[in-house]
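J.: Fit chain C to the given chain L structure using the hints.
2 protein chains.
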Amino acid sequence: MAMEKVERWGCFELALAGRQDGNPFTDFTIHGRFRGAHETVDADGFYDGEGVYRIRFMPSHTGVYHYEIDGTFGPSRSGAFEVTEAAEGNHGPVRVAEPYCFSYADGTPFYPLGTTSYVWELQPDERIAQTLESLKKARFNKLRFCILPKHYDYNLGEPRSYPFEGTPMDSSVLTKDNFYQYTGKANGSRFDFTRPNPAHFRHIERCILELQKLGIEADLIVMHPYDRWGFSSMPREADELYWKYVITRFSAYRNVWWAAANEYDLLQDKKEEDWEFYGQLMVDRDPYHHLRSIHNCMSFYDHTRPWITHCSIQRQDLYRTAEYTDEWRRQFHKPVVLDEIAYEGNIQHGWGNLTGEELVRRFWEGALRGGYPGHGETFLHPKDVLWWSHGGELHGESWKRVGFLLDVLNGVPGNGLRPAEKTFADWDCVHAVPAQADPAAGSSYHLFYFSFMRPSFRDIPLPGDGEWKVEVIDTWNMTITEAGIFRGKCRVNLGGKQFMAVRITRRT
Amino acid sequence: MAMEKVERWGCFELALAGRQDGNPFTDFTIHGRFRGAHETVDADGFYDGEGVYRIRFMPSHTGVYHYEIDGTFGPSRSGAFEVTEAAEGNHGPVRVAEPYCFSYADGTPFYPLGTTSYVWELQPDERIAQTLESLKKARFNKLRFCILPKHYDYNLGEPRSYPFEGTPMDSSVLTKDNFYQYTGKANGSRFDFTRPNPAHFRHIERCILELQKLGIEADLIVMHPYDRWGFSSMPREADELYWKYVITRFSAYRNVWWAAANEYDLLQDKKEEDWEFYGQLMVDRDPYHHLRSIHNCMSFYDHTRPWITHCSIQRQDLYRTAEYTDEWRRQFHKPVVLDEIAYEGNIQHGWGNLTGEELVRRFWEGALRGGYPGHGETFLHPKDVLWWSHGGELHGESWKRVGFLLDVLNGVPGNGLRPAEKTFADWDCVHAVPAQADPAAGSSYHLFYFSFMRPSFRDIPLPGDGEWKVEVIDTWNMTITEAGIFRGKCRVNLGGKQFMAVRITRRT
Numbered sequence: 001m002a003m004e005k006v007e008r009w010g011c012f013e014l015a016l017a018g019r020q021d022g023n024p025f026t027d028f029t030i031h032g033r034f035r036g037a038h039e040t041v042d043a044d045g046f047y048d049g050e051g052v053y054r055i056r057f058m059p060s061h062t063g064v065y066h067y068e069i070d071g072t073f074g075p076s077r078s079g080a081f082e083v084t085e086a087a088e089g090n091h092g093p094v095r096v097a098e099p100y101c102f103s104y105a106d107g108t109p110f111y112p113l114g115t116t117s118y119v120w121e122l123q124p125d126e127r128i129a130q131t132l133e134s135l136k137k138a139r140f141n142k143l144r145f146c147i148l149p150k151h152y153d154y155n156l157g158e159p160r161s162y163p164f165e166g167t168p169m170d171s172s173v174l175t176k177d178n179f180y181q182y183t184g185k186a187n188g189s190r191f192d193f194t195r196p197n198p199a200h201f202r203h204i205e206r207c208i209l210e211l212q213k214l215g216i217e218a219d220l221i222v223m224h225p226y227d228r229w230g231f232s233s234m235p236r237e238a239d240e241l242y243w244k245y246v247i248t249r250f251s252a253y254r255n256v257w258w259a260a261a262n263e264y265d266l267l268q269d270k271k272e273e274d275w276e277f278y279g280q281l282m283v284d285r286d287p288y289h290h291l292r293s294i295h296n297c298m299s300f301y302d303h304t305r306p307w308i309t310h311c312s313i314q315r316q317d318l319y320r321t322a323e324y325t326d327e328w329r330r331q332f333h334k335p336v337v338l339d340e341i342a343y344e345g346n347i348q349h350g351w352g353n354l355t356g357e358e359l360v361r362r363f364w365e366g367a368l369r370g371g372y373p374g375h376g377e378t379f380l381h382p383k384d385v386l387w388w389s390h391g392g393e394l395h396g397e398s399w400k401r402v403g404f405l406l407d408v409l410n411g412v413p414g415n416g417l418r419p420a421e422k423t424f425a426d427w428d429c430v431h432a433v434p435a436q437a438d439p440a441a442g443s444s445y446h447l448f449y450f451s452f453m454r455p456s457f458r459d460i461p462l463p464g465d466g467e468w469k470v471e472v473i474d475t476w477n478m479t480i481t482e483a484g485i486f487r488g489k490c491r492v493n494l495g496g497k498q499f500m501a502v503r504i505t506r507r508t
Numbered sequence: 001m002a003m004e005k006v007e008r009w010g011c012f013e014l015a016l017a018g019r020q021d022g023n024p025f026t027d028f029t030i031h032g033r034f035r036g037a038h039e040t041v042d043a044d045g046f047y048d049g050e051g052v053y054r055i056r057f058m059p060s061h062t063g064v065y066h067y068e069i070d071g072t073f074g075p076s077r078s079g080a081f082e083v084t085e086a087a088e089g090n091h092g093p094v095r096v097a098e099p100y101c102f103s104y105a106d107g108t109p110f111y112p113l114g115t116t117s118y119v120w121e122l123q124p125d126e127r128i129a130q131t132l133e134s135l136k137k138a139r140f141n142k143l144r145f146c147i148l149p150k151h152y153d154y155n156l157g158e159p160r161s162y163p164f165e166g167t168p169m170d171s172s173v174l175t176k177d178n179f180y181q182y183t184g185k186a187n188g189s190r191f192d193f194t195r196p197n198p199a200h201f202r203h204i205e206r207c208i209l210e211l212q213k214l215g216i217e218a219d220l221i222v223m224h225p226y227d228r229w230g231f232s233s234m235p236r237e238a239d240e241l242y243w244k245y246v247i248t249r250f251s252a253y254r255n256v257w258w259a260a261a262n263e264y265d266l267l268q269d270k271k272e273e274d275w276e277f278y279g280q281l282m283v284d285r286d287p288y289h290h291l292r293s294i295h296n297c298m299s300f301y302d303h304t305r306p307w308i309t310h311c312s313i314q315r316q317d318l319y320r321t322a323e324y325t326d327e328w329r330r331q332f333h334k335p336v337v338l339d340e341i342a343y344e345g346n347i348q349h350g351w352g353n354l355t356g357e358e359l360v361r362r363f364w365e366g367a368l369r370g371g372y373p374g375h376g377e378t379f380l381h382p383k384d385v386l387w388w389s390h391g392g393e394l395h396g397e398s399w400k401r402v403g404f405l406l407d408v409l410n411g412v413p414g415n416g417l418r419p420a421e422k423t424f425a426d427w428d429c430v431h432a433v434p435a436q437a438d439p440a441a442g443s444s445y446h447l448f449y450f451s452f453m454r455p456s457f458r459d460i461p462l463p464g465d466g467e468w469k470v471e472v473i474d475t476w477n478m479t480i481t482e483a484g485i486f487r488g489k490c491r492v493n494l495g496g497k498q499f500m501a502v503r504i505t506r507r508t
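Protein chains in written order, with the numbering used here: chain L, 1 to 508; chain C, 1 to 508.
Please note that the accuracy of each hint is not assured.
One copy or two, either will do: identical chains are not told apart, so a pair holds if it fits within one copy or between any two.
Claimed, not checked - 20 Å max Cα-Cα, derived DMTMM-like pairs, lysine to aspartate or glutamate:
| hint | residue 1 | residue 2 |
| --- | --- | --- |
| 1 | K185 | D21 |
| 2 | K185 | D426 |
| 3 | K136 | E210 |
| 4 | K489 | D177 |
| 5 | K176 | D459 |
| 6 | K497 | E357 |
| 7 | K176 | D426 |
| 8 | K176 | E357 |
| 9 | K176 | D106 |
| 10 | K244 | D274 |
| 11 | K422 | D317 |
| 12 | K497 | E397 |
| 13 | K489 | D153 |
| 14 | K497 | E358 |
| 15 | K136 | E397 |
| 16 | K383 | E467 |
| 17 | K334 | D48 |
| 18 | K5 | E272 |
| 19 | K244 | D125 |
| 20 | K244 | E85 |
| 21 | K489 | E276 |
Since the hints were derived computationally from the structure, they do not count as laboratory data.
None of the values given here were measured: they were computed from a predicted structure.
This is chain L alone, in the form it adopts within the complex (with noise of 0.2 Å):
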């Protein structure tokens, strides 16, 4: 029989049968150790119902890997597999590139511009399918979704599937105006949380491997405060039993990041104390070491702290958003996400009604900054299905553009941009040099922003004797100009509009 083969970052996966009496999720373990010739990895499986228990492993290197499986589940395995070159469009997970970067395993620069949309995987069969369509079409290469259920404005209806056995309160009660009183606590929901219900997360695996198909990383919140069914407050010991099954489960897929919570500072029965607990158990428990962020409402919380990856920032300022992008890498030394800056809609609430327009500008005033902005879309619709939440179909005007800027920063020598140090342009314009450009050589590559104002026309110094290429960018428009080869100065024609950017490059 030939030996079985994965991909390098693929996944292996074995299914065994074991003990089904008293409670599986909580009685007994599943324990594997996976030996290649370039590392040795210990990584949990998890019990998987009907008498199933599933380990799964992701290998960072290609070669023969052995494995031994123990564990008070069954009978011990042990045996052997092989690991190929990862396929084409495969680039392992993503990494930090110290100190404000993003790359793939395999060294691929990444730069996050991602959506979000809390339930989209809760959906009906055919919803999701059309949000797997609506990615196909937009750009973006990172999804923020909730692994639990979403109750909040526009979000009264049942999910497909809950994350424990149980039965949830009486929904029919619920209308627009009294919803927010329903919050946080079980209000007759009644949910066994030793039991978690393993077709809840195999379908959430699934669509992680769909997202995976379509380039995109799934940032996974694994905690979050909009809930009737008493998911958010459960006690430490049913936190902990989640929190191991969500990372037993689901890290050995590629594209996962973790996003402790959403507005972490909303779950009221959760203190500092539970987001360290929580914290560490995605640093002892994930072998692969996932991306790990936590997200805010009104106050950050310490990005600083060791377990945290980068910054996932919502905005606090209702003016000044992506803007200040700069002074959260200075506070904090780590990747700024500008995971939500408002999104684009027209419904009653300030964090979801900017003009497509203003959502793009955000994009690009975080993008040169050295930050990864991204997107969301909440516009009114007939059922209430609002890309936010739901997925379905995208509405608005600035996911289109998303990708116009991806490119931009893919053109970007090195691996991303950063605010230049000091500039030579006025003080009125965004302007960004390459993360890895020496500031004492000076870079050979510029790029210019200038953001609501409409220049009819800019001079712009050039660095030095050489000869520079210069090109004016329609940031909506979507369009790249050649103004010409300069040198010393240059008078570039903007054409009085809004969202202009100029990019120059060295030729000599």
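T.: Coordinates of chain C only, in the frame set by chain L:
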């Protein structure tokens, strides 16, 4: 012979022949004392050239006044005149109505919504006439402009006159590329700082009176840094003569405000003690105590200084501008006039290429926070005639919308708006109440502004048990639509448009 008559807050003026030997600007004095039933005012006169001395007085009360004129200029004089009631439209000079508002001397509330045209009055007659025509169409009630000529980008021409006897530098050497090298110094100009040019000041007086006829306050910028003739770097004695001449000539016009400087911090030869000296001169020499301010470029002057009656603000942040108004109120405890929050236009400079929408948005942001925003316009023009400096025609969109805001402000009970202490609306709108509203009792008038956001609707809680009239204000299209009479709560349709406001007024 009937007694000469002058209206209350009008200008009584005497022209007296006197000595012409030596330097009459410095060598002789002329002093007047004006006595009515309710005030005695001491005021200096000035030499107006060709052997004529003038002395002016603005009476603040009605009734008979007696005057005595003496000094070394010539023979003493005395006489009397009668002050009649103010004519229609004459409300007297503007005062601070403590702590953050303005009113005319007769108690009429005044909401300065001004514009800037730095040297409109130093242009040829035809353009001055055109500017006055533009001002008639617009609804600005304050105009900021300079007494001294201006040298700057788009400002390379010669003024119609100079403030002193002498000859200017050869300006044929100036180009758009080299003008910035000729700054702050005399550059070959030769002016006799002991001999003001009366024609220059006489002309400005005519312009002040033209504005007065239009109901426009003349916010006179006494010093500024945009200079190629040396007027910004005169020695102390010359400054003192200039300041006294300015104050003595202009202070009897009721619509005069004193702006000690534009961008004081760019006058490199002037230190804080100089500005304090000028401030004291205004306090000591202007018997009418017209409003006094000083305008910054990079950093604010200490607006808490006693001689400063109100803050004249240039925004310090590219993104948040008028949105800081409430912070500046708290910081300085004085009225906040936003004299430069960037201009509508399309020139290359970041302070001069806003859209009309953005400038109008800043107007509403500032006004609802209890500030007084200012307009400016900088559109490229084939002959470099930009409203901001030269006046002429208005080309933008924002000026058309100033009167609409003024009408809304005039409809506020009392003397203007202030930010609500504690809003009952959501976090994402600006909530204003009348400046004099009692925080404990609650206001019967509220204004909410949604800025760049575009909610389709809003639910607004209505305080108390009574009925409220609810109106939707489209600040861009300048419409006010009654939404109905509500009690307890109302849902207001806002159409998913930007720049909307809601006004609620208690009926019962």
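J.: Hint by hint, say whether it matches the structure.
T.: Now the hints, each set against the structure:
Taking identical chains as interchangeable, the C-alpha atoms of K185 and D21 are never at most 20 Å apart, the minima being 31 Å within one chain and 94 Å between chains. For a Cα distance limit of 20 Å, the shortest separation of K185 from D426 qualifies neither inside one copy, at 54 Å, nor across copies, at 24 Å. With identical chains, the CA atoms of K136 and E210 are at most 20 Å apart within one copy only, with a shortest distance of 11 Å there and 66 Å across copies. With identical chains, the CA atoms of K489 and D177 are at most 20 Å apart between copies only, with a shortest distance of 12 Å across copies and 61 Å within one.
In this assembly of identical chains, K176 and D459 lie within 20 Å of each other by CA distance solely across copies; the values are 12 Å between and 54 Å within a copy. Taking the shortest alpha-carbon separations for K497 and E357, both the intra-copy value of 12 Å and the inter-copy value of 13 Å come in at or below 20 Å. Only between protomers do K176 and D426 lie at most 20 Å apart by alpha-carbon distance; the minimum there is 17 Å, versus 50 Å within a single protomer. Neither within a single protomer nor between protomers do K176 and E357 lie at most 20 Å apart by alpha-carbon distance, with minima of 30 Å and 34 Å respectively.
Taking the shortest alpha-carbon separations for K176 and D106, neither the intra-copy value of 48 Å nor the inter-copy value of 53 Å comes in at or below 20 Å. Only within a single protomer do K244 and D274 lie at most 20 Å apart by alpha-carbon distance; the minimum there is 14 Å, versus 70 Å between protomers. Taking CA atoms no more than 20 Å apart as the test, K422 paired with D317 passes between copies only; the shortest distance there is 18 Å, against 26 Å inside one copy. Taking the shortest alpha-carbon separations for K497 and E397, both the intra-copy value of 18 Å and the inter-copy value of 15 Å come in at or below 20 Å.
Taking the shortest Cα distances, K489 and D153 sit within 20 Å of each other only across copies (18 Å), while inside one copy they are farther apart (54 Å). Proximity of K497 and E358 under a CA criterion of 20 Å is satisfied in both settings, with 14 Å inside one chain copy and 13 Å between copies. For the identical chains of this complex, K136 and E397 are intra-copy neighbours only, at 16 Å inside a copy versus 41 Å across copies, given an alpha-carbon limit of 20 Å. Neither within a single protomer nor between protomers do K383 and E467 lie at most 20 Å apart by alpha-carbon distance, with minima of 57 Å and 33 Å respectively.
Within a single copy, K334 and D48 get their C-alpha atoms no closer than 37 Å, and across copies no closer than 69 Å, so neither meets the 20 Å cut-off. Taking CA atoms no more than 20 Å apart as the test, K5 paired with E272 passes in neither setting, with 44 Å inside one copy and 79 Å between copies. In this assembly of identical chains, K244 and D125 lie within 20 Å of each other by CA distance neither inside one copy nor across copies; the values are 27 Å within and 83 Å between. When the C-alpha separation of K244 and E85 is checked against a cutoff of 20 Å, the pair qualifies neither within a copy, at 30 Å, nor between copies, at 86 Å.
For a Cα distance limit of 20 Å, the shortest separation of K489 from E276 qualifies neither inside one copy, at 53 Å, nor across copies, at 42 Å.
Going down the numbered hints, you'll see the structure goes against 1, 2, 8, 9, 16, 17, 18, 19, 20 and 21, while the others check out.
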